[in-house]
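Chains as they are written, first to last, in our numbering: chain A, 507 to 819; chain B, 507 to 819; chain C, 507 to 819; chain D, 507 to 819.
Certain hints may be false.
Pairs involving identical chains hold if they fit within one copy or between any two copies, as the list cannot separate such chains.
To be verified - With a straight-line Cα cutoff of 16 Å, these simulated EDC-like cross-link-like pairs (lysine to aspartate or glutamate) come out: (1) Lys794 with Glu558; (2) Lys794 with Asp638; (3) Lys580 with Asp548; (4) Lys794 with Glu665; (5) Lys580 with Glu741; (6) Lys794 with Asp810; (7) Lys794 with Asp510; (8) Lys688 with Asp531; (9) Lys794 with Glu714; (10) Lys794 with Glu681; (11) Lys580 with Asp527.
Everything labelled a hint here was simulated from the structure, so no lab data went into it.
4 protein chains.
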Amino acid sequence: MPLDHTAKGVYVIAPTPFHPDGRVDEASTDRMTDFFLQSGCDGMTILGVMGEAPKLDGAESLEISRRIIRRAGKAGIIVGVTAPGFAAMRALAHGVMEAGAAGVMIAPPSHLRHDEAIVGYFHQAVEAIGTDIPWVLQDYPQLFQVQMTPGIIRRIVTELPSCVMLKHEDWPGLEKISALRKFQAEGSMRPISILCGNGGIFLDFEMERGADGAMTGYAFPDMLVELVRLAQAGERDRAHDLFDAHLPLIRYELQPGVGLAVRKYVLMRRGVLASDAQRRPGAAMSAKARDEVEYLLARLGRHDPRARLSPPA
Amino acid sequence: MPLDHTAKGVYVIAPTPFHPDGRVDEASTDRMTDFFLQSGCDGMTILGVMGEAPKLDGAESLEISRRIIRRAGKAGIIVGVTAPGFAAMRALAHGVMEAGAAGVMIAPPSHLRHDEAIVGYFHQAVEAIGTDIPWVLQDYPQLFQVQMTPGIIRRIVTELPSCVMLKHEDWPGLEKISALRKFQAEGSMRPISILCGNGGIFLDFEMERGADGAMTGYAFPDMLVELVRLAQAGERDRAHDLFDAHLPLIRYELQPGVGLAVRKYVLMRRGVLASDAQRRPGAAMSAKARDEVEYLLARLGRHDPRARLSPPA
Amino acid sequence: MPLDHTAKGVYVIAPTPFHPDGRVDEASTDRMTDFFLQSGCDGMTILGVMGEAPKLDGAESLEISRRIIRRAGKAGIIVGVTAPGFAAMRALAHGVMEAGAAGVMIAPPSHLRHDEAIVGYFHQAVEAIGTDIPWVLQDYPQLFQVQMTPGIIRRIVTELPSCVMLKHEDWPGLEKISALRKFQAEGSMRPISILCGNGGIFLDFEMERGADGAMTGYAFPDMLVELVRLAQAGERDRAHDLFDAHLPLIRYELQPGVGLAVRKYVLMRRGVLASDAQRRPGAAMSAKARDEVEYLLARLGRHDPRARLSPPA
Amino acid sequence: MPLDHTAKGVYVIAPTPFHPDGRVDEASTDRMTDFFLQSGCDGMTILGVMGEAPKLDGAESLEISRRIIRRAGKAGIIVGVTAPGFAAMRALAHGVMEAGAAGVMIAPPSHLRHDEAIVGYFHQAVEAIGTDIPWVLQDYPQLFQVQMTPGIIRRIVTELPSCVMLKHEDWPGLEKISALRKFQAEGSMRPISILCGNGGIFLDFEMERGADGAMTGYAFPDMLVELVRLAQAGERDRAHDLFDAHLPLIRYELQPGVGLAVRKYVLMRRGVLASDAQRRPGAAMSAKARDEVEYLLARLGRHDPRARLSPPA
């Protein structure tokens, strides 16, 4: 099923599981895929910033994508195809769509500094991959240094019909969601799906502003699923209660660089990954950081049984 | 009392109070100074990033500094003197030290991209202001785009004896605190005071890593004071309980741009400021954002009586 | 006479003369002012990037401006008022206009990354200084990292009537001049004056594309005056012959950082400045660099008698 | 023959020839290779910034590399392998070395902002490609925004023995060459080859400062060869006479973005390329720009017979 603007729920950002010696861990990849889908995720996004994509060569990227797509069955898999050139972007996009991906995700390069450059870049990208591949616009100014106002996003959505979703991770971004939904309400922009990233650190209010769900890799995607459902059901207080219990760990996992190490560590502690190894070069957790994460898990466990893990080996 | 490396506790980042028409609000300035000191703050840092310093001209900057210094009595006032040129930096530094400031704070300009450039800049700054003014090194790579490793900070501290404090707001920064304290422990760096910024969002663990306190402007500085004391007393769980109750609001106030509006709004709601006005140009809160802050305050009030405010007018 | 869109010719970028001990050199300032005007310059631009403005405090900036404005008589003096905050910008702008400046020059801060931010910044600047001060828009993306398309410049010119001149130093910029002149020709933008910077390194073709003259500080402003006149008279080959003879030195002087040292050195060698000193911190020329400049002057002297200088002391 | 530190002369930066419809033009590729070597170039550097490398997919990159390496015979071919991830860098590096390349070239990513980050990056790159592949360090801060002092370059050269050459294109860079040669003379750095880029715009003085030659793509590589030989023979005045005649065009071709269009146009006019087409997206020359280039060629033709071309079709 190709991705479209009605997508909602949780598309979890998946890490790439590695063995400690750097090889791709296929068993963990399968287990992780199963875990994410059994957790209630509606889809997965792979080969993103947190998927260590640049550490994979082209053949590996395609192989992992095919494995996860096959395993995921009907759940939608979105593949990050951001690349320094359009030739590489097209090659990967075509490869994964043939393998059954639901769509691709594209982020802008950091040198774009005015409206024409930003909008023009996405025109070129769509020309490169073809107009028939549904794609997600990644809006993450902290990392990519490109600032897209609501007006710029509206132009991209209006001029490029194959853009069906926004991965929203601007910071601050609450007013941006409200502005985009207002565009839709007044009829000046066609509907798009808005899924939120940024580690989920504003997901409580993002849902209230009109987001359709989450696209982030917090190590408790089952909590994200529950939170999205509570929010969609209008259970405001219960949603915030759940969110607030997780916020200390969400905040800890959001740290640039070391965040991925935390995420993989928790997924290992939960039995999803066999190892928290990153392919080199990667940031490791210190012993103190591990203690802090264990402390946060123990505190979280008082409120959420999913965090009650047996002690580490 | 000039600032030295033994400083600890809370040096609150003070906003600059304005009337809605843009004039400096002197009554609110006095009330705010009294409130901060009665809250247990050991000092204040004024004319920082959150003090709207660039919207003040030179005469206004000096006048406000003098007013606060006089009002604060024995509490130490640190004044931000970061400037695009050393002439302006020197002029302001000399002016406020003559008025009785405890020290000044200096951040690096964004174009510094290797060790020699970074260290060299602070040598030039100290040459400009004189070697007898105690100063705080502001390490805030997210905003200033300058990345100082622990080794670079050690060089600055070692080569420039008048540097007595680090305003630590790297992100991630926990390992940096540990690394600097290890330098001290092994005798390779003289002791400095480390106070933490970044809105306080990691203050729980920063204290455990060896920080001396906080230098941030969260609108509940009385909570920061309590948290620092609990941490210093080794009351780990109680410190985290207090911190976690405030984290949803801390997180909300940390948003770039709109964060200052939130901070001034809460200080107004607490009766400290007469108005949450910013001098132009400034980011305003939407009605939705105000509702969200009120909701966060109401939830916080369940745990902390300081947040139980009468409804807004 | 206030600056307006009919300005043309050469507005030379003036360095600030210092004594070797760092004091402002007033005698050299007067001599330099006389020299520039006797060279045929129509005006001067002071306190720009190459004027070491950040090394002057507010009082010094005003004093130097007043001295030059008084000395220059009817020639138009433009003063750079770019500042990190609008309060400082307004204070300097008002000060120099009261002293008789013809207008001010404003460059955008480096963080502006889309059309609304760029155009909005200049609206705020004009609100700060007042709508009655004629100002020059400085378009120098290499240094300021802000990219203004012809369309953005048109918006600024159209929405802000007090913008009367573009200091054009984009690179590449020839097509930009053509685009702006086409806007004027088709009636979609009111006329503005376009003076070119970038050390003059494209002045030969910039004049042919429709520029009104030069605003740069090359140490032979008398050559710039002659070149502009030849170009305006349609003497294409003679203009290029003159330009090409100077190009090796123009290129050498254009080097970032060391360029100002070269410029001051040549002005000293020409008897205009008593010293080539920069106020600290400043980049100095090595002995090898001085030899290279002397070699370039000697080679230039074969074509242009203005470069036949007596040997250095 | 693997590249080593004794390399000197001209390693021309080669564009990638395309047909107007975007296909690689193999006949032009062969003719260009022959032309460069018959012009006296000692080697070629392919898939660099000016080679439109990001517009080629992995298979095309390898195929073009193989074709040129085979055609070039004993002349050394250096291949740009800069990539956003080490997996892609390793794959291309191994592919081209197996095909007979002399070495590879690596540029740093733009986010490196202190010494440890910069030096560490190249350690990781060498770990990825293997310690047995000779490589060229590309120092081009204008484009890559990474600033490497002479001391940082010395660390890289000292710690990583497979680094045998510096592609020097800092601006300003003359003192950097002198500093590196001084390191060698005093024995604090082993010898490396230094070839200069930046379009050749400082090649006259760079040779005098101790450079071994040029690595740039100016459309008259035969002139670069002659200039390098004159400089090596100590014919200072003749070298500058030749250089100065070409400087107006060198300067014109150095323009970012449009420069490649100029370069391909002149190579087409010289009969080397069948077309000046760039693969999309690419900057095109306006009719005015073509006229300007023709005018520059006509002027150059008065001094250098190589520029006396028959009129364009």
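Hints versus structure:
| no. | hint | verdict |
| --- | --- | --- |
| 1 | Lys794 with Glu558 | neither (24 Å within a copy, 37 Å between copies) |
| 2 | Lys794 with Asp638 | neither (49 Å within a copy, 38 Å between copies) |
| 3 | Lys580 with Asp548 | within (9 Å within a copy, 58 Å between copies) |
| 4 | Lys794 with Glu665 | neither (50 Å within a copy, 30 Å between copies) |
| 5 | Lys580 with Glu741 | neither (29 Å within a copy, 50 Å between copies) |
| 6 | Lys794 with Asp810 | neither (24 Å within a copy, 30 Å between copies) |
| 7 | Lys794 with Asp510 | neither (44 Å within a copy, 29 Å between copies) |
| 8 | Lys688 with Asp531 | neither (45 Å within a copy, 37 Å between copies) |
| 9 | Lys794 with Glu714 | between (36 Å within a copy, 10 Å between copies) |
| 10 | Lys794 with Glu681 | between (37 Å within a copy, 9 Å between copies) |
| 11 | Lys580 with Asp527 | neither (32 Å within a copy, 39 Å between copies) |
The structure is inconsistent with the numbered hints 1, 2, 4, 5, 6, 7, 8, 11, although it conforms to all the rest.
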